[in-house]
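I would like the entire structure built from these sequences, with the hints used as guidance.
Last residue of the sequence shown: 98 in full-length UniProt numbering, with the numbers rising by one and none dropped.
Be aware that a few hints might be false.
To be verified - Label pairs and their computed distance ranges (CB to CB):
| id | residue 1 | residue 2 | range |
| --- | --- | --- | --- |
| 1 | Leu97 | Lys14 | 36 to 44 Å |
| 2 | Asp13 | Ala95 | 38 to 46 Å |
| 3 | Ala6 | Ala94 | 13 to 21 Å |
| 4 | Gly33 | Leu72 | 15 to 23 Å |
| 5 | Ala91 | Ser8 | 19 to 27 Å |
| 6 | Val16 | Leu97 | 34 to 42 Å |
| 7 | Lys30 | Asn75 | 26 to 34 Å |
| 8 | Lys80 | Val16 | 37 to 45 Å |
| 9 | Ser17 | Leu72 | 13 to 21 Å |
Just so you know, these hints were derived from the structure itself, not from any lab.
Bear in mind that the values here come from a model prediction, so they are computed numbers and not experimental data.
Note that the Cβ used here is the ideal one computed from N, Cα and C, for glycine as well.
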Amino acid sequence: MSVIAALSIFPMDKGVSLSPYVARALTVIKESGLAYELGPMGTAIEGEWDEVMQTVSACYKELEQDCDRIYLTLNIDSRKGRTNGLKGKPASVAAKLI
Numbered sequence: 001m002s003v004i005a006a007l008s009i010f011p012m013d014k015g016v017s018l019s020p021y022v023a024r025a026l027t028v029i030k031e032s033g034l035a036y037e038l039g040p041m042g043t044a045i046e047g048e049w050d051e052v053m054q055t056v057s058a059c060y061k062e063l064e065q066d067c068d069r070i071y072l073t074l075n076i077d078s079r080k081g082r083t084n085g086l087k088g089k090p091a092s093v094a095a096k097l098i
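This is the structure in structure tokens:
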């Protein structure tokens, strides 16, 4: 089953500038080979359930190495038979704008 996951993950014990930690998680996502899009408040990942969940877990484990407190939110949209949802969902909405 194809899923799109909206993931936001960052440490809560590393001060104000967290982009180096977000970049580490994004590197894990990139290396997974899954389709993804970085946004200002999180990253969308598309793939099969097990692959996406394995990638989310790998992101957590990457930060867990040197972070004592990690904040993670995960929203998932699961749909049978969907392909290219990262591009298709926004395009479908945009086509319906007045």
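Do the hints match the structure? See the list:
no., hint, in the structure
1, Leu97 / Lys14: 36 to 44 Å, "holds (40 Å)"
2, Asp13 / Ala95: 38 to 46 Å, "holds (44 Å)"
3, Ala6 / Ala94: 13 to 21 Å, "holds (18 Å)"
4, Gly33 / Leu72: 15 to 23 Å, "holds (21 Å)"
5, Ala91 / Ser8: 19 to 27 Å, "holds (23 Å)"
6, Val16 / Leu97: 34 to 42 Å, "holds (37 Å)"
7, Lys30 / Asn75: 26 to 34 Å, "violated (20 Å)"
8, Lys80 / Val16: 37 to 45 Å, "holds (42 Å)"
9, Ser17 / Leu72: 13 to 21 Å, "holds (19 Å)"
Violated hint: 7 only; the structure is consistent with all others.
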